[in-house]
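Protein sequence lines, in the order shown, are assigned to chains A and B.
Our numbering applies: residue 16 is where the first sequence begins, and numbers increase by one.
Our numbering applies: residue 58 is where the second sequence begins, and numbers increase by one.
Warning: the hint list may mix true and false statements.
[Claimed, not checked] Pairs of lysine-lysine, DSS-like flavour, derived with a Cα cap of 30 angstroms:
no. : chain 1 : residue 1 : chain 2 : residue 2
1   : A       : Lys407    : B       : Lys150
2   : A       : Lys386    : A       : Lys323
3   : B       : Lys599    : B       : Lys331
4   : A       : Lys22     : A       : Lys386
5   : A       : Lys407    : A       : Lys388
6   : A       : Lys779    : B       : Lys599
It is worth saying that the hints were derived from the structure and are not from the lab.
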Amino acid sequence: MSPILLKSPHAAAHSRYTLLSIEAASAPGQILLRLATGPSRQQLTGGTVYGPFAQTETQARMQHVLERLRIAGYAEVGGHEPLIERLSSLHQKPRALAATALGWRQAVDAVPALLGLAAKNPPEIGVIVDALGRIGDTRAIALLREQAAKKLLSRRRSGVEALRALGDAEGLATARAEGLQRLPDTLRATLIGLDEQSTAQAAVDALCAAIDGIDAPRRGLVLDQLYEFGTPLCVAAVRRTTADWDAPHRWRYTKSIWKRAMLRADLETFAELALAFERRRARTAGARQSLKSGLDGQSRSTLVFGAKTQAYVCRASARWLRLLAYWRRDLYPLAAAAVLRRYGADDARAPRALQSPFVYALMLHRLLHGKGKRQRVDAMSRVCYRDTAAVKTPWLLADVPFVDRFDAKPAAFVSLATGGLDEVRAFGIDGLMRHPEAIATASPTDLAALIDTPRIAASARAEAERRFDATVPDLKLLAALLDGGDLARALAQAFLSRSASVWIVHAQLPRLMRRRTDAGRQAIAQLTQAVLAVLDDAPRITVLERLLHAMREAPSERDEALLTVLTAYADVAAATLPLLQVLALVQDGTLTQRTLGGALLAAHPQSLTLLGSARLAMLAEDEVQSVRGAAAILLERALPQLQIDPWPLIQLAESRFSDNGAHAFALLQRLDATALSLDALVALCDSNRSDVQAFATRIVIARLSDLDAPQLLQRLIEHPHVAMRQLALGLLDAHWPQGTDAFSRLAPFLRSSLLTPRLARSAKDRLFAIVADRGASDESQARIAIDILDAALRTANQRDFEAIAVTLTRLRLLFPTLSSAFEAVA
Amino acid sequence: MSIEYRYSGRSGVEMHGADARLALATNQLREATFFRGTLAQPLLARESFAALYSVVVGDYKYRPKARLAYRAWLERQDQAFVASLGSKSLAAKSRMAELNARLIELDAARAARRLPFDAARQRWMQYAVSSDVELNRVLDPVITVHPDQLSFEAFSRDQSSYGRLALPLAAFERIEAIEYGTTNIDFSARLADHFDRLRSYRATRFDIGAGGFASERLEPKAGDATALEKRIDLPEGWLEGFLRVHGLMSMGLIRLRLQPVDVLNALNFLLTHKTRESPRALRFELRPGEPVRLVLEPWNRSIWCSPSSVYGGDKIATIRVWGRERLRSLLRVLPVARHVDVYLSASGLPSVWVCALPCGIEFTLALSGWTDNDWVEGEGRFDLLTQRLAVTAPELDRVYTTLRGQRWARTPELASSLGFGIEKTRSALSLLAQAGRAMIDLGSECVRHRDLTLQAFDAAQALTAAKKHEASQPKAKAAQAIAAAGDVVIIARRPVDDGYKLSGNAADGSSRVRPQLHISHSGEILSASCTCAQMLRDGLTKGPCPHVLGLRLVHMQRLGQEDAQHG
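Please work from the sequences and hints to get the whole structure.
As structure tokens, then:
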């Protein structure tokens, strides 16, 4: 029973106020009545204690004392009568404020007055319905059901949330049936097909996918409707679909969800949204859009989530927390913890003048600094330091208001001790030092975080030790510890070592291995490998099959640990799968699956025989490095076959992947160069890679005597690269056949080479020598030579021009009947 | 505007001993267009495609460096300096110096430790950027299969160069399958590497079809798997870029026939000389009856061109062309070219370079006035030079249907077959070019059918779009207004050998100006001048002024009346 404050205006000054309260007596089942007096409510004495009385007499004893006090002229302070009286005001605002106050006070005696007011259907009907919901009196059910059936969102919201507060299953069922009709068909069908009491990942994913499939303008309304249902699945899906919450078509529904969260005391959703509002504040100027009003149906150009709205919602969030502190003391520490633990260093902004780094974090200010004098909230709802001295004054635990509420609910300290801000953690740790028993209420995730928290690490570790049973290891605890900090992970490793024989064969092993953090995945992968190393073959194969099955059938983004283990035991794992299934992994799998497929492919006993070198070359072009690596290993094994047909390697040398090209080239260099056919050599020369060309050039020069040189040259002269053209020019003189036909075949190459920029001088000199030499042979070849040279006669390069002029002059002298564009003038 | 591409295969070249197959995958979202033949001259095709690829990936626009890292470093230095001002104690300063030294040490150690990671990240970034450029910036060429040739058109990445490769059917030994139409082909850096492996000693099959090199199938099938999808957001007015190219080509241009070595001389010099001084133009010195002299500024290096380049005009002229670096796209094609036809209009205006290769292969490179003045977003509005007579929707539809049936046509022949006047036919063709339904082939001097977009042609819509387009052009609107108000008067209209010389008088606000126009028989503007402020300042570099356009409009109306009088 709450303490009751009474006041007598006629009493002596020192006893104007008196407080009647109850406290437990030392003997069990008995109570004491304490009556304190004083000149003001802040200056009460320790008071006089009466009793002990049996607990069963509490009500009667209280009534007795109250009656005596009333006779003495005392009346209850804050009684409901003045507020109930204010409900009859002619003005809307006092009526609404009175209704709200009565609601928070859970004033059952005000219900008839509230219902009477509601019957007149005043504009503040929503506030009245909210108040009736908070009071929780069943007399209001008829009104609440009527409101829950309204079309107007604000009325419906108040009605449904009030029904929920009253626990009216029938009313809620009716509202739900109507709500389902408002959902799009596809979403309704999806929702009906899911278990709404479950928050399993797959179910939430399915619902979120269905929500994403709805047009953006309609999505807000749908989310609000889902949140109205209030089932765990719907709430989880709504919390996850937070993108674009302040978009013009979404904002009114986001606000609605935020209001619902406050009405039903959904602390997590409230904290999520209220922090989102603060974080977005002053980072956006809002968006202007023509929107239809919910009140009069008119479309107006409206500024959505503008500066005023931002300040309003931030203030309202902080105000709600303060009201909780006064009227819902049991909820306040939990709500505060839900909000505070979400703050992080990222929420700080570059401070200006006396502004706090957390200038827009009103809730942080109220919850953590509210009792201190260092900070204040200015007229624009910004958190500022009072003066320059306050900037340097450190935060103190004494700055935290309502500590007694936290002490009454020490479980809140657990999540505070794992918060993102130093001050929040310090407050949480301090609380846990006072209430170490609260650690026992920590979830596995919180416990893992506490193990890495100074001052309470030992207690947390002891709690973890207490919970862990090596014969039946708690996989959730192990998973949380693996995802925790260094100390938690070390403890997890110790636990895992102690219970290796159990978890290694556990059906949930793949789940345990899919940890959130890289370090966690590495740790479990190392341990699994170590344990597998000492296992017998049969259980080892079973474990690997289980991991393989998980990776194939239910791939996840956190499969690295599974991949590490399976890759380490690729030879064993590969033997359990047919090659076709390995290839299916390589071709159709996710990135991780393809990587695994590559490792299995390299280790599979049938890969080389069944795939063949050509198929291997194709796999070597795969985008996944592991697949390319596997193909490279297999190609290396296939070297004897490649000696006979090196085409796959030659093509692979041109790969767009540098590692592939380099490996193929290295293998090519290991082939017996003397055994390469002319076609293979030409193919090497045809490469676009300069190192392959250089390699081919060396072989060509070394083997020129035993090759069909004209045939080789016929092919080389078609190469577009300058280096190979220069090689061809170097060989032409000695190896190109004589005669007009042969020279005419060569003419296009010589002409284009002559016109190719940046051909080396030595190569050009050879070119001129060839043209001059062949041209001098006979008149028909001279004709061809003159045509070649005429094409470049007007070159601006002096050396070229001189060489051309000299050659043309010689040819004209040798064959005077021939004409040229060049005329030498004596 | 965005263009979507969907390919069920990738383009590429595959070789098996003595055979090769060059397969170009076509856009599945376009009409079924395919071709299969055997190349007679693979080497010529190789060099031409290399030039086209060079155009497609060309980006010569100047983009100043962002210098983000430098700016961040500068800011840190400033902060450190300001922080050091606040600490007056010597001990604090020495401690700060000590800590800074330690910080530098640690930074160096960290940099050394992260070296492999940074190098790998750099490689990945390069891969990602090149991949992103290929997927999001490189516009795949438009290919049109005509009865007489295959035409590949493309814009460069900076949209300042337009390349067109015309492969006549004579360039093929054998043709096995052909389906006329227009589509896109998958064109990547890898394909460019593949082109380089084409050889004449391999029988090279040339496939343009749905499956690319992974499939023998040419025709698309519903439900084909997708090997590559691209969606490229084009700047507003990209379609107009095509029109502007063809608008330019419909102008009366000076044609000069150069030899490949003439162009190579200029390019060789540019490859070995760099400058930051202005002017950096390629200057054409034209004297009647004399070969062209190319001058490379600012060195004033003169290159006398071959005798074949004799200038046939009757006045000395000097024309400057900027953005000469873009001519590098011709480097692969020049050594195998027979000659290069250069089409010029005036200084600062676009130029067109047509390389003629053996077998009738032609490679056209159209360059905008300068690199930053691209075809798409630049200020040069050459489409205004193709102002036209009124054409009704049924007339436009007839011209389109006939052209589509014939696939290509010369304007006089088309006009006579339709029973329209030449000017009206020309106007209709200009409208079709604007709608992306026709293209001008400078080499063959004809107009070809080419549906640039996928939508079916609607003459009424095309006319509406053209009207909107004109309404959005203040110069055209002003020209029409002054012509309609009778504020443009032809003072003199003198027939000359190559057309008409017109002198007029037009209202320019409260004063009057004097536009002068030299126009060919076929309506092409050969030269223009005006005493208005715009033409005195910019010449034709930003397109003609409203007065010149108005004078042309009045002249065209008179020509139309004469057309009608002569039946």
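Results of checking the hints against the structure:
At roughly 22 angstroms between alpha-carbon atoms, A/Lys407 and B/Lys150 fall within 30 angstroms of each other, so this suggested pair holds. Between A/Lys386 and A/Lys323, the direct Cα distance comes to roughly 27 angstroms. Compliance with the 30 angstroms bound is thereby established for this hinted pair. Between B/Lys599 and B/Lys331 the alpha-carbon distance is near 28 angstroms, which keeps this suggested pair within the 30 angstroms criterion. Taking the CA atoms of A/Lys22 and A/Lys386, the gap is about 27 angstroms. The hint holds against a cut of 30 angstroms.
Of the pairs offered as hints, the one joining A/Lys407 and A/Lys388 holds, with about 13 angstroms between alpha carbons and a cut-off of 30 angstroms not exceeded. Annotation: proposed proximity of A/Lys779 to B/Lys599 is violated, straight-line Cα distance about 46 angstroms (limit 30 angstroms).
Going down the numbered hints, you'll see the structure goes against just number 6.
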